[in-house]
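*Asks:* Chain by chain, the residues run as shown.
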Amino acid sequence: MALADLLAKNAFTGWMDCSIAYNSLTLFYDPWEVKQAYAAAPGDFVVRWLEEQLRQPIVTAADGSLGKEHLIPVCYDPAMAPDIQAVASHTGLSLADLVALHSSQPYHVFMVGFSPGFPYLGLLPPTLETPRKATPALQVAPGSVAIAARQTGIYPTMSSGGWNIIGRTPMKVFDPQHPANCLLKTGDIVRFSPIDTATFAYLNQYENC
Amino acid sequence: MKIVKAGISSVQDLGRTGYRNAGITTGGVMDRMALRLCNLLVANEPGAACIEISAGPWECTADRPLLLAVGGHGQQVWCGERPVNRWQPFLLEAGEILRIESPLGGYAVLAVHGGCKSPVVLGSRSTHLAGKFGGWEGRLLAGGDDIPTGQLFSPAAAKIISLLRGGTGRRQFRLSDAVIPNYERDCFRYVPGHEAGWFNDAAAESLSSLSFILTNLSNRTGARLSGEPLRLHHHQEMLSTAVVPGTMQVSADGQLLVLLADAQTAGGYPRIGQLVAPDIGLLAQQKPGSNLRFKVVSREEAEALCLAQQQAFEQLRKDFSLYFS
Chain A
4 MALADLLAKN
14 AFTGWMDCSI
24 AYNSLTLFYD
34 PWEVKQAYAA
44 APGDFVVRWL
54 EEQLRQPIVT
64 AADGSLGKEH
74 LIPVCYDPAM
84 APDIQAVASH
94 TGLSLADLVA
104 LHSSQPYHVF
114 MVGFSPGFPY
124 LGLLPPTLET
134 PRKATPALQV
144 APGSVAIAAR
154 QTGIYPTMSS
164 GGWNIIGRTP
174 MKVFDPQHPA
184 NCLLKTGDIV
194 RFSPIDTATF
204 AYLNQYENC
Chain B
570 MKIVKAGISS
580 VQDLGRTGYR
590 NAGITTGGVM
600 DRMALRLCNL
610 LVANEPGAAC
620 IEISAGPWEC
630 TADRPLLLAV
640 GGHGQQVWCG
650 ERPVNRWQPF
660 LLEAGEILRI
670 ESPLGGYAVL
680 AVHGGCKSPV
690 VLGSRSTHLA
700 GKFGGWEGRL
710 LAGGDDIPTG
720 QLFSPAAAKI
730 ISLLRGGTGR
740 RQFRLSDAVI
750 PNYERDCFRY
760 VPGHEAGWFN
770 DAAAESLSSL
780 SFILTNLSNR
790 TGARLSGEPL
800 RLHHHQEMLS
810 TAVVPGTMQV
820 SADGQLLVLL
830 ADAQTAGGYP
840 RIGQLVAPDI
850 GLLAQQKPGS
860 NLRFKVVSRE
870 EAEALCLAQQ
880 QAFEQLRKDF
890 SLYFS
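Residue numbers (my numbering), protein chains in the order written: chain A, 4 to 212; chain B, 570 to 894.
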């Protein structure tokens, strides 16, 4: 992330974006703009530029903290968690233990992607590891909290999805009215806090769901 | 511009850049060159917002004359009762009905002088269908929608309109065949992807020598192909990383998925290749059932193809502005 910030700060003409994933950074540029600005073969120019940037020291936050910490309320009631029984039987846990385990530890936001605002969180305790569903659900309710392999995530918008839904948060993690204001950013820390259906209804930020 | 029949259509431009870390894709039209060419024909900037139509019947009308152009592959266009060619500007007079049919699928671009003035969200007027924002209320168009279009004082547009009204030179306005995208191309060029080395030799051989059928499981997100399964040396799990329009992913069953304009920002399937930019729009316009072939090129060749396409477009733009100023 520090590297992404450094690169963005020193951006060249033709720079478009730099995206962060688990273990990779991807740089996007417009070859035509680069060619116009620097009269060089665009790919070679960008590689040379990157090599130059990588010679600089990369400064990370001194206290090791990266981003904000969030407490996200989640209702694990089976009515909002279509796959929680399947996960319970796969892992051999009782529903209560499953909920306790999922909400017992902090998670890193490794990246935001797939769909707008979708946070890839991890790592799950090994006991909760569950493979993706064989057939993705066609409609996953917005706010659904799901797990797949050793990751957990939150579906920000109604979409299809192959992860196992084990709960739902009443919080909007992505607001189409304010698409730039994603709740969670790469580097943030997330903790889940179990709530009941009445609290869900009280906190619910989604319309007609 | 009042939509009478919406078919499957949405407001699109060249998309939004800079928001990939929020999971927000570039999006925009499926056929970027078609948009730039049609915008040129109606005296717009290349990235002005248009209506993209992927299924008809589509109809609109307006209470003032509109200068329009349609691009795409295989669509039929009528202005009232008179058929209109693609790739040339025409006038829709007040009260007339414009009708577009897409019997073979594909993505029609309808450019209007002044552009479609849906609100700008994150630097673009494109509809982000998954995020339900941008474009027209973040959704597909519906009958009854009234899309504002810009009114510009443009000498070029005035000249085009007066020539069209005068009835002279109507033919001259059609783009020459040399610049109209070649949708007959059935061989698509790609550079090897980051995980190309994960695949066995048979997969590389199949990809360069066999053809793959475009299935009807294809949409704005991607085109699913069916053919000889492409296999890895050995099973390998990968961590999700960036994918973009043109990324050629291979799913667990060995089938190719070529991502298109609304591709998600990250994916976890091995990337066997990346289409060269000029071929992405051409592939997007192919009909389900088509046989597609692929040809590997080097990064330098891909770059040269990309720059040559842009160079040709800039030249055309220059010629156009000389002619119409």
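These are calculated hints, taken from the structure and not from any lab test.
Every value quoted in this text rests on a predicted model; they were computed, and no experiment measured them.
Glycine included, C-beta positions come from ideal geometry on N, C-alpha and C.
Among the hints, a few may not be true.
[Claimed, not checked] Residues from chain A shown here face chain B by an in silico Cβ test under 7 Å; the list is partial:
#, residue
1, W18
2, M19
3, S22
4, W35
5, G125
6, F203
7, A204
8, Y205
9, Y209
[As the list claims (entries may be wrong)] Straight-line C-alpha distance at most 25 Å; calculated DSS-like pairs for lysine-lysine:
#, chain 1, residue 1, chain 2, residue 2
10, B, K701, B, K686
11, B, K686, B, K728
12, A, K136, A, K38
13, B, K887, A, K38
14, A, K175, A, K188
15, B, K728, A, K175
16, B, K701, A, K188
17, B, K728, B, K887
18, B, K856, B, K574
*Asks:* Mind listing which of the numbered hints don't hold for this structure, in increasing order?
*Replies:* 1, 5, 6, 7, 8, 9, 12 and 15
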